[in-house]
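Chemist: Sequence:
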Amino acid sequence: MKPSFFLLLVLLVSSLVACESAARSTADGGVSDVGVARCVPGRSLPCACPDGASGAQLCRDDGTFAPCSCAGEGPDPLPAYCETTPPRTDTCVSVDLLFVVDNSLSMAPKQASLTRAFPAFAEDLRRELAGVDTHVMVVDTDGDTGRGLSECLQRCEINATFEPPPGCDVEPFEECFPPELCAGFDCETPPITERCDRLLGAGVTFSAGLDAPNVRCTYATGRRWTTLEDPNLVDALSCAATVGSSGSGNEAVLGAMVEAFAEGGEGPGGCNEGFFRPDALLVVVLLSDASAANGSMEAMIGDADAFRRELQALKCNDPNAIVVLGLVGDGDLPGGLCEDGLDASPLLRELVEGFEDRGFLGSICEEDYAPFLRDAVGLIDRTCDLI
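Here the sequence shown stands for residues 13 to 399, where the numbers follow our numbering.
No wet-lab data here; the hints were simulated from the structure. It is possible that part of the hints are untrue.
[As the list claims (entries may be wrong)] So the derived label-pair ranges between C-beta atoms look like this: (1) 347 to 394: 45 to 55 Å; (2) 143 to 200: 24 to 34 Å; (3) 131 to 233: 14 to 24 Å; (4) 143 to 305: 26 to 36 Å; (5) 247 to 200: 31 to 41 Å; (6) 261 to 230: 41 to 51 Å; (7) 387 to 247: 17 to 27 Å.
Please read these numbers as outputs of a predicted model, since none were measured by experiment. The beta carbon of each residue, even a glycine, is placed where N, CA and C say it ideally should be.
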C-alpha cells in the first residue's frame, strides 16, 4: 500500500506498539516509511521535512520514491491521471462513497447508531442519486483483523481444552473471554482470512472479535465495495460497518482514509480495485471519537492540512469534486453533546472544516444519525449538480 502521513505517526510509536516498519531517510533529510509501502508511479504522498513540516514525495515511473519536496520547493505533484482524466460535464454520472469507521473499544454503540440509520440513508441515496453510478465501501481504523481473530481462535481453544490462557485464573473464563467476545464465530470451521483483511485502507468484508459480526460480509459485486444496485445493500453494508471494538486505540482515521485510495484502482490486484474513479465525485464519511486524550498518536500530532492536500490531489485539486462528512467527538467544545472530554476530535473537525461548504460536521454522540445523513445526502446531491 502507498505510504501516507499515518505511517510517519507509526514510526513515532513503533517502540511502544512493536511495529515492524523501518524508516528510511530521503535524499534531502525528509523521512518516509517506504519499507512497507506500495509505490504507485505518478502518485505523491506526504513526508516529513527536516524542520518538522510536511512535504510531498513523488513515486517515479521506475517504482522508486523521489526525495521529499519541502516548503518552497514547488506545489505537491498531482497524480499522472490528472493529465488524461476527461473533463467533467454538467451532469454527475458517478460517486465514490467511502465510510471510515473507528473500530476501537468505545465504538460499538456508535456503529450501532450508524447501521440503524442505513435503511433511510440508502433510500435517500437511491432517490436523490437515481441514475448515478455510486460505489460504496467501508474501511476501519486499525486495518488488521488479526487481533480479533486471534482472540476468537484462543477462545475456541479454551472451550475445547478447558485450559485457561496465561494470566487468566478464573473458571469458567468469562472474565477473560466474555461470551459476547466472539458471538457468531464458527469454531468448527474458522473463517479464512485474506491478505487484504490485514491491510489498513482495504475495504472491510470481515471483522472479528468483540462486537464484530465474526462472519464474512458479502456484496453483490463480489468485491470489497458495492453499489446502490446491490439488492442486499443495507444488510451487507451494516455487516461491513459493524467493524467491532477489538481494534487498536491508536486509531488511524485519516491514515485509513488516504490508504483506501493507495489500495484502490490504480491497477489490477489492489484490494479495492475498481472502487476509486478519478472522474467521480468523492464522498468521505468519518465516524470516530479518536482523541489525543485516548492515546491516538494521529490525533496528537496529525497534520490535517497534509491529509486534506493529499485528498484534494486525488481529485486533481478540483474544489467541487470532494465532500467530507464527519460524525466526530465534540467533548472539547462548549455545548458539545459528548459529555466526556475524552471524546474530543479537533484534528478530524479541522480536516472537515478545511473543505468549507463541502464539509459537514455532526456529533458522534447524537442518538440518531438519520437526520445528519439525510442532510448529507442533500449536500452530496447539490455538489453533484455542480460537476
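Chemist: Take the hints in turn and mark each one as holding or not.
Modeler: Now the hints, each set against the structure:
A C-beta distance of roughly 27 Å is found between residue 347 and residue 394, which places it outside the suggested range of 45 to 55 Å. Between residue 143 and residue 200 the C-beta distance comes to about 46 Å, which lies outside the given range of 24 to 34 Å. The hint said 14 to 24 Å for the Cβ distance between residue 131 and residue 233, and at roughly 20 Å that hint holds. Range check, residue 143 to residue 305: about 45 Å between beta-carbon atoms, so the 26 to 36 Å window is missed.
At about 24 Å, the beta-carbon gap between residue 247 and residue 200 misses the expected band of 31 to 41 Å. Our hint of 41 to 51 Å for residue 261 and residue 230 is violated, since their Cβ atoms are close to 30 Å apart. At roughly 24 Å, the beta carbons of residue 387 and residue 247 sit within the given window of 17 to 27 Å.
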